[in-house]
Every structure is written in C-alpha cells, then in structure tokens.
Amino acid sequence: MEIGGKINLSVQNLSIAFDGLQALTAISFDVTRGSITALIGSNGAGKTTIFNLISGFLKPDSGSVIVAGKNLMGKRPDLIGSLGVGRTFQDCKVFEQLSVIDNVRLGIRDRRSETFFSALLQSRRLREAEKFKTIRSLELLDYAGLADKRNSLACDLSYGQRKLLEICRVRAFDPQVYLLDEPFSGLFPDMATRMSKVIKDLRDNEKTVVFIEHDMEVVRGIADRVIVLDFGRLIADGAPESVFNDPAVLEAYLGGLVNYAS
Amino acid sequence: MSERKKERLCNMNQILANGIVAGSAYALIAIGFSLIYSTVRFFHFAHGAVYTVAAYVGWVLHVSGLPFIFCIIISCLIASLLGSGIYLGVYAPLQMKRSPQLIFLLASFALFVFFSGLLQLIFGGDIQAYKGFVVKEGHNIAGALVTNHQLVIIATTLVVTFILSVWLSRTNLGRAIRAVADDPLAASLMGVNSRQVVSVVFAIGSGLAGLAGVLISFETNLYPAMGFDAILKGIVAALIGGLGNIYGALLGGLVLGLAENFGVMGISAGWKDTVAFLILVLFLLVRPRGMAGGEKSQREV
Amino acid sequence: MEYFYHILVMAGLYVVITTSLNLAVGFTGLPAMGHSAFFLVGAYTSALLALKAGLSPWFTLFLSGVMGWSVGWIVGILTVRLMGDFLALATFSFAVICHSIANNWSELTRGPMGLPGIPSLSFWNIEIDTSLRFLPVVVGFCIMAVVISSRIVSSPYGRILQGIREGELVVFSLGLNVLRYKRQIFAFSALCVAIAGALYAHYITFIDPSSFTPMESFVMLLMVVFGGMGSLSGSVLGAVLLVVIPEALRFTGIPGEVAAPLRQVLYGGILIGLVLYRPQGLLGTFRWK
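Chains as they are written, first to last, in my numbering: chain A, 1 to 262; chain B, 1001 to 1301; chain C, 2001 to 2289.
Careful: at least some of the hints might be erroneous.
Per the computed footprint, the stretches of chain C lying under chain B, defined by three or more beta-carbons under 8 Å from a beta-carbon of chain B, are [what the hints assert, rightly or not]:
#1 2006-2018
#2 2081-2088
With beta-carbon atoms standing in for the labels, derived distance ranges [said to hold, decoys possible]:
#3 C:R2278 x A:G44: 37 to 47 Å
#4 A:N43 x B:S1188: 17 to 27 Å
#5 C:N2177 x B:G1191: 15 to 25 Å
#6 A:N151 x C:R2278: 38 to 48 Å
#7 C:P2116 x A:L79: 49 to 59 Å
#8 C:L2132 x A:L121: 47 to 57 Å
#9 C:V2147 x A:C155: 29 to 39 Å
#10 C:M2113 x B:G1065: 16 to 26 Å
#11 A:T115 x C:G2253: 35 to 45 Å
Treat the hints as calculated values from the structure; they're not laboratory data.
Where is the CB? At the ideal position from N, CA and C, for every residue including glycine.
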C-alpha cells in the first residue's frame, strides 16, 4: 500500500448501527490514486452502506473519511460531491423523464450557468456553457456507445444502457473518486466489456475507483485490489489472488468462492 | 373553597371535559387514517369524504325511521365498502403503474373534493341535524357537564382502540397487516397478498371513519364540508401520536383536543383551527415522526 | 362585452399563477398544496397598504410581491426538507392558517366583512377601473410570467429542477444543494402568485376571505395538472380553459347554489380521471415507464 501523497481516499474506523444492529464495525482502508479497488462481500455485508457513508447520505456513529486531505464526515452529500466524490447507485438511478443527453448534461458542473439569475438573463456566457456541455456529453455518450440514443428518454433505455448512462453521467461530473455500486450487475457480455474499458480508462487517468461487485471473474479481470466485507467487518484486504486464497475469506463464503453472476 | 375558585375550577373542568370529548372524536378518525397510512404510505385525504358520506347516510336512515343503532351499523358498512372501493378503483391501479407520490396526493385530494361536492349537490349546503331525540341529558362530573352521547363517544374510542390493537397483534390477518406495513417487499416474498390485505385495511379504517362520522355528527350536526375539518384534525392527531401507531393516534387525539380547548381560553373560539394547524406545523417541523415514533426511520438510498 | 373582458382578465391572472406554480410542482415535483395562501397574502398586503397607508397601488403591488417572496422563502425554509406527503400537508396547513387569520383577525382584515374600496391601479391619470382597461395590465404580467418561466425552463437551472423531480438523491450526489433550489423556486412561485393576488385586489376592488379558501389551492393545482405538469403552454391552456368553461356554463342557467358543488364534482372527477388515465394532462410529456 503506497502512502503519502498518492492516497486519495482514506476511510478510518467507520462504524454505524441501525435499529440496534451493528451494520459496520471499525472499517478502515486507504485507496490510492490511479487504482481500481473491488469491494466484495455477501448481501447485507455493508458494502452499499460504506458508499452511503462516504458520499454523505448517512452519518456514521464514529470514524471519518478523508478525501484529498479533507475530512468529509458530517458534510452534506452535495458538499462531498463538490469535494470530488462521485457515485452510482445500486438500483441504477437515472432521470427517467429526461432525455439521455440531458441526463449527462446534468452531470457537468458549471456553477455560474446554473443560478436563477443566469437563467433569466440567458447571457452569451450561458449559451457558450451550454454548447460546451452538449459537446462534452456527446463525447461521453459516444464513448459508451449511446450517442444514437441521445434524444431518447432515459426510461426507454434497456437496463444495460441505463447502467452505461449512469456511468456517463458520473464521468461528466468528473470527480477524483468514483464509487460504483454494482456497475456490472445485469449486463450482457458486450456491455460488460464496454464497462470494463470505461473503468480501466478511469484508472489510467489517475482516478480513484472503488466498485462493488459479486462476480469474481470480473473482479479478477480488472481489480488491482480487493477488500472483503463480512457482516460489517473487514476481513481481507489485498491483491486479488491473495484475497481469494485467504482462509478467512474462504470460510466466510462457505468453503470456496462462489462465482455467481448477478 | 370560595365561590370564585369553585367557578373557575368548574370552568377548567368543563374545558378539560370538552377537550377529552373532542379528543376522542379526533382519535377515532385518526386511528383509521393512521392504520391506512401504515400500509400505503401516503395521506389518504379522502378518508374525510368517507367520514362525511357515512354521516349523511346515517342521518338519512335515521330520518326515515331506522333505530339509531342500525343507522350506525349500515353507515359503517357503507363506509367500508366505499373505502375499499376507492382503494381498488383508484389507488391500486396507480400503484400498479408505479406512479410518483404527487399523483397519489392529487388523487386523494380530488376524491375528497368530488365526494364533498356530490353530497352538497344531493343534500344542499344547509346544516342538518338529528331531530327527535330528547334534549341531550347529561351528567355533572366534578362541575363539568357531559352528555350521555359524549360519554358514548369516549367509550367507543377507547374500546375500538383496544380491540384493534389486540386484533392486530394476535390474529393472522393482523400480523399480515403489520408485515405489509413494515416491509411490503418482504411481506409479499412471504406469500402475503398485499392487495387483499390493504383492501381489508381500507375496509376497517373506513369503517372506523364511518363510525366516527355518525357518532360525531349526532353531536355536532352535518354540513357538506364537515369532512374537511374532520380529516385535518384526524391527520394532526395521527401525526402527533406517530403515523401508523394506534395508541399514538389515541394519544394524539387527546393532546389535540385538550390543546385546542385550552388554547383558546381567553380568545374567541374561531381561532381553534389555527391552534390545531400551528400544532401540526410544529410537529411537522420538529418531529415528523410524531411522539410515539410510530414510523420506522429508514433512509432510502 | 364587459363580461367577456372580465373572463379574459381572470384567465390572465390564472395564467400568471399556473405558470409559476407549474415550475414548483410540475418541473420540480414539489407538492405545493397551499398556494392560495400566497394569493391571499398578495391581495391583502396590497389592499391594506393602499387603503391604510395610502400608498400608490403600483407601489403596493410591488410590495406585495416582496411580501409574497419573503413569506414564500420562510415557508420554503421550513418545509422543503420534508418528504412529499408532509410537504403537501405543511403547505396546505399554511393555507388554512392564513385563511383563518384573514377571517379572525378582524382588527386588521375586517374578517368576513372584507375590505371594500380598494383603489384601482391608474395610469397617467386614467383610472384602470374597467375590465377592458385592466386587460393590457394583465396581459403584460402574463407575458412577463411566461417569458421568465420559459427562460427558467430552458436553462441549466430548469434542467436541475427537473432532475430534482426525477431523482433528488442523484442531484445531491452531483454536488448541487437540492434544498436551496427547492426554496428558490418555491419562493419565486409564491412571489408570482402574490402579485396575481394583488392585481386581483386592485381589479375587483373588494376582497374577503371567501375568495382565498384553501380549496382554491386545489383549483390552481387542477389547472396545472389539467394543462400538463411540466409544460408551460399546458399551464396557459389549463388556466384559460378552466376559467372560461365554468364561466360559460353559467350561461346554461345553472342556479347559484348548485354551481359551486357542481364545480367541485366536476373538478374532482376530472382530476381523478386525469390521474388515472392521462396524468400528463393536455400537453404534458409524462410517460409511464
């Protein structure tokens, strides 16, 4: 694990309980820039909860999260987003009644053009910002193979296309840290290949990627590092091969890693 | 005790009595509303319309000579049918289409407006009253005048609350209802037919609204907009006590009734509504989950 | 003929109301069930200031806008963080409270007796006291309302509002303070409705609480839904149709006591039908998934 300036995301001693049940216990790990980390564990192990904590949708009982030197704890989700954390959601949230290209445009942040008064004035600055957003959105859609659908409504897309759309949106947001919640679930092989390419490119561009996954083949294929959760505890953390041979991990999965596609 | 002190104590006791009576009435409305809310998770505003329809049905039956007890029974039945009809005819189809929350609110409101208007068309806007009963006899309890009928209201509310909560916790159907209220997905996975269960809930809740409608209108007379005041008070009471919580609804009703009556001591009774709504707004802002914490706190992400 | 102009004026006032309300309800998804309160606030503010402080109606019009925006801002701060149902209930309660205050605070508002003799607007010594003369005023405000609303809708700001409607959690995760946007648009719609209320006061020159019941919020919402949530042209159409048609029905000789409940039955029925079979209204673009 590299230390010093390369660590972009640092989770320290995160704990949270719901309704009397301890969902996470003292979770700690550091993630470096330009890496892909897989977060695995059985359902209910607490993976999405960690994402919710990092992105500010939940407040922990104790612990903290540091991104690019700033402590995120207790901050509102939008402030955390602005500090460079982007995410996708387990149930693939797209803006259903908006067009595909509007979905992506919403990812691009340009504060000055997004105020009430700039809307009233419709200045040239705003129009130029819009032009830029359109061009950039089309770029991203094209890369994901969705350019021809740009004017369709998001609710008309197939499941796999929606997942890709969600990725386009978060890429438009251009954060430092990407929290991808089951980006591969429900994808057919061709879409999955596209998704892999997107994620690897993020790493190559020095982004920090953490993704939740159930399919071990996928994990083996692209993850530099694997973190394993079991009932809210971190039971393994390291390179894929060593984690997959870790006795504690094997035991947690009852005598062998089950390769199940979601 | 000096005469003045006695008088003031009687007054206070009277206000207290009025508060309890009003509170019981509100609680009766709130219980049905709260029960329904726990299974559909939106404000079934049309509960007030069911209340009004039942009140008018009861009154019509009474005017045509039926003994009061039968008026009550038939009104309750009609209320149940109406309530479950509304669920099956309007809400359930909307649920199937996975409509956004706003749509349910609008539908609920529209149903209320529709039925209120219908009743006004049929019966006119004048106030109707139950006639032919002896001027209500009462008892003097510690200086407060309480009529027999008022005691009936209080008793009915208490009995209903008790029976309902026992029923919910002991019977299979009651358990199914709580399952659907708690976690609809898990309930359906366990084989509970959500649609049937919710229909029953609407039937029961609406029946209670009908009961409240007849009992209360006997005391406070009928006018087409009565459901409006009733449902709003019922909602406030349900919120105070915690949505989905039966005993909470009872508690909330009493708190509201007392607060209203004590709150307008010294100022004109026209402000009663305002007091009720200020309480509502206060609760919405400070404790949307009510006092008894009826709702499970979930964060859906 | 005068009556025809009157209908147009009323339609115009409602256009101002529906376009701004649509921004909050149809575009942002806020169940704002109590906008009759702002209509009331605008009307009474302008009327009282003109009557008691003797200020010029144009100035009081402006002040009622400020008042509407401020009250809307305060209500917004308190309510936008509430979830759907609770927001609806809170805003509706606010409408009830306002109506109750107008009815009961007789020292200020003369209660049910209302405020007569509200000065009309005037333009260069010409009193704007007929419907025909008021028409250009209303049309002017309509145009302003429509232009401003369409600018908002076609801008990134408008896109964000719609994003909030479609998925506010996502919008949060994209670095935007959803609550601030909600407050802003709520206050803006309150401002517009308040101005409409003030215009109404100086047009009719007599106001009493009965024109500002919480049920009026329902009518406003119906117009928005009927015309099409999320469609500005729909709002215009909805306002016009739902002002004109009931007035036209009057000519069929329906007696007064029947007219009001009949309106309720029709409006309630129409809304139920819309919601079940055509939630996108006339011109809206909502599509079932």
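How the hints compare with the structure:
Under the rule that three or more residues need a Cβ within less than 8 Å of chain B, the assignment of the segment 2006-2018 of chain C is violated, with 0 such residues. For the segment 2081-2088 of chain C, the assignment as covered by chain B holds, since 6 residues bring a beta-carbon within under 8 Å of that chain's beta-carbons and 3 suffice. Range check, R2278 of chain C to G44 of chain A: Cβ separation about 42 Å, and the 37 to 47 Å hint holds. Our hint of 17 to 27 Å for N43 of chain A and S1188 of chain B holds, since their Cβ atoms are close to 18 Å apart.
Hint check: N2177 of chain C to G1191 of chain B, Cβ distance near 44 Å, so the stated range 15 to 25 Å is violated. Between N151 of chain A and R2278 of chain C the Cβ separation comes to about 23 Å, which falls outside the hinted range of 38 to 48 Å. Between P2116 of chain C and L79 of chain A the C-beta distance comes to about 53 Å, which sits within the given range of 49 to 59 Å. For the pair L2132 of chain C and L121 of chain A, the beta carbons lie near 34 Å from each other, so the given range of 47 to 57 Å is not met.
Between V2147 of chain C and C155 of chain A, the C-beta spacing of about 30 Å keeps the proposed range 29 to 39 Å intact. Between M2113 of chain C and G1065 of chain B the CB atoms are about 43 Å apart, so this pair departs from the stated range of 16 to 26 Å. At about 53 Å, the CB distance of T115 of chain A to G2253 of chain C disagrees with the hint of 35 to 45 Å.
The earlier numbered hints that this structure contradicts are 1, 5, 6, 8, 10 and 11.
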